[in-house]
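Asker: From first to last, the protein sequence lines are chains V and A.
Take the first sequence: its letter number 142 is residue 141 in numbering that gives the first Met the number 0, and every next letter is one higher.
Take the second sequence: its letter number 27 is residue 26 in numbering that gives the first Met the number 0, and every next letter is one higher.
No wet-lab data here; the hints were simulated from the structure.
Watch out, some of these pointers could steer you wrong.
Copies of one chain are not kept apart here, so a pair can be met inside one copy or by any two copies together.
Lysine-lysine pairs mimicking DSS-like chemistry, simulated, CA-CA at most 30 angstroms apart [what the hints assert, rightly or not]:
id	residue 1	residue 2
1	42	16
2	161	23
3	42	161
4	23	42
2 protein chains.
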Amino acid sequence: MNTYSPRLSRLIEALRKLPGVGPKSAQRMAFHLLDRDRAGADKLAQTLGEALTGITRCPTCRMFCEDASCRYCTPARTATGQLCVVETPADLMAIEGGTAYRGRYFVLMGRLSPLDGIGPEQLGLAQLQALLDEGQIQEMIVATNPTVEGEATAYFVAEMAKGASVKVTRIAHGVPMGGELEYVDGGTLAHALSGRTPV
Amino acid sequence: MNTYSPRLSRLIEALRKLPGVGPKSAQRMAFHLLDRDRAGADKLAQTLGEALTGITRCPTCRMFCEDASCRYCTPARTATGQLCVVETPADLMAIEGGTAYRGRYFVLMGRLSPLDGIGPEQLGLAQLQALLDEGQIQEMIVATNPTVEGEATAYFVAEMAKGASVKVTRIAHGVPMGGELEYVDGGTLAHALSGRTPV
């Protein structure tokens, strides 16, 4: 068995906690930082500390925010009257980066999954209800993932919005742009066909 | 373009400096740490700080060491009379973990590569010379990688050892265990054939 010196061992153990990092990658990262990029390691330690103290959750949209002013809950965004419900911060960044949508967001930080103990409470759906009841939202766009849990979550939040008389839409699911029908899976194709729109 | 808040942006930038981590992975790591593993992030920052202050290079073998006592330069290892020359700390860990070798090491922290400005000085070959001249080493095992630069380095250090009347050996290169001749590349096969040993 490989044995490392205590500090090195603790560093490798801590790096392994990162998603997608196994023992080999963690060792490679540790040696890289110690051998070639001590300044980078110092910077990483510092930015981690900064992020932990400075980054909190927006009480309204649940996205990460700094200094108590959320960049996704601005008056300009509120004025659009649109609210996009996503599962994770990464989904928010994808929509923000890939589309022209500039309305508000609500980040669930997960999806309904009763078996894992994730219910409406864990997803902050009371906050979403409060947002919907405010009366400033005209349209709620549900952008959860097209998985079983994602669809269940979509159905749940849609019912909430209907209760508050807010128009609900769901992002389209179908053949991806540039994709070829021949290589698209059956589920997606069935979805694309049943979701056909007039030209 | 995706834009992050300042602290988040700095954290993602710092994570991208890790080997094998691109923008997507860095974002994933940052969100994971902030959302699900704040304790892990804190631990990582702490262990990084500890490692940077506590881990230095052994002045004799150039491996990372703590508290000025190198675990690879012990009297017991010196008594074997063997010295294994490797390119990187990861190579040392691989030999230590995969073989029964328990002699001393010398870590070059690179390989001769004049075009990149890496000469004998950068590899600490003066230190290696001092080690060889000490008279305690009976055999030097050269375990640099079988690349062009690795072979050049092997030749260079072998000449040094011969000058100090130390026996020099090179680890065997050939067909890997469990490998099939059919799928082994020509260079390896040629090496295996020319390096054949009596049974």
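Asker: It remains to establish, for every hint, whether it holds in the given structure.
Answerer: Each hint tested on the structure:
| no. | hint | in the structure |
| --- | --- | --- |
| 1 | 42 / 16 | both (19 angstroms within a copy, 10 angstroms between copies) |
| 2 | 161 / 23 | neither (51 angstroms within a copy, 36 angstroms between copies) |
| 3 | 42 / 161 | neither (48 angstroms within a copy, 45 angstroms between copies) |
| 4 | 23 / 42 | both (23 angstroms within a copy, 20 angstroms between copies) |
Going down the numbered hints, you'll see the structure goes against 2, 3, while the others check out.
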